[in-house]
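Asker: Sequence:
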Amino acid sequence: DFSFLHGMLLANAGITQLPRFVVKCDVHAGRLAEVLPEYKNTDGALYLVYPSSRHLSAKVRAFRDHVLKELEDQPWAMKRAPKRPPRVQPPKPRATAR
Numbered sequence: 010d011f012s013f014l015h016g017m018l019l020a021n022a023g024i025t026q027l028p029r030f031v032v033k034c035d036v037h038a039g040r041l042a043e044v045l046p047e048y049k050n051t052d053g054a055l056y057l058v059y060p061s062s063r064h065l066s067a068k069v070r071a072f073r074d075h076v077l078k079e080l081e082d083q084p085w086a087m088k089r090a091p092k093r094p095p096r097v098q099p100p101k102p103r104a105t106a107r
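Letter by letter, the sequence shown follows residues 10 to 107 in our numbering.
Any given hint could be a false lead.
[Said to hold, decoys possible] No more than 30 Å apart at the CA atoms, straight line, and that leaves these computed lysine-lysine pairs for DSBU-like:
| hint | residue 1 | residue 2 |
| --- | --- | --- |
| 1 | K78 | K49 |
| 2 | K33 | K49 |
| 3 | K101 | K33 |
| 4 | K78 | K68 |
Source of the hints: derived by calculation from the structure; they are not laboratory data.
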């Protein structure tokens with residue numbers, strides 16, 4: 010939770026890595042200091058969870074398309090989520106002769 014970690018930072022309870030937009034004002038005001046500025050975290054994930062395309066509203070589709078377009082040139086971004094493997098039906102039981 011960003012707000013919890015941010016509060017802990019302001020209480021001098023340690024260090025953490027938070028997005029710049031969370032701490033920008035406090036860094037500029039001198040309440041927080043950046044440490045290890047050369048370190049860049051490239052790990053992480055952003056997931057968009059939405060119903061199947063068949064049931065997607067126009068607003069959600071527009072948001073999804075916008076996010077994908079904005080992130081496509083980022084070096085850490087996956088181009089597309091891996092396709093789900095096709096469902097395999099279990100073999101039907103054979104009738105046995107008695």
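Asker: It remains to establish, for every hint, whether it holds in the given structure.
Answerer: Cross-check of the supplied hints:
{"no.": "1", "hint": "K78 - K49", "in the structure": "23 Å, holds"}
{"no.": "2", "hint": "K33 - K49", "in the structure": "16 Å, holds"}
{"no.": "3", "hint": "K101 - K33", "in the structure": "61 Å, violated"}
{"no.": "4", "hint": "K78 - K68", "in the structure": "15 Å, holds"}
The structure fails to meet hint 3 from the earlier list, while all remaining hints are met.
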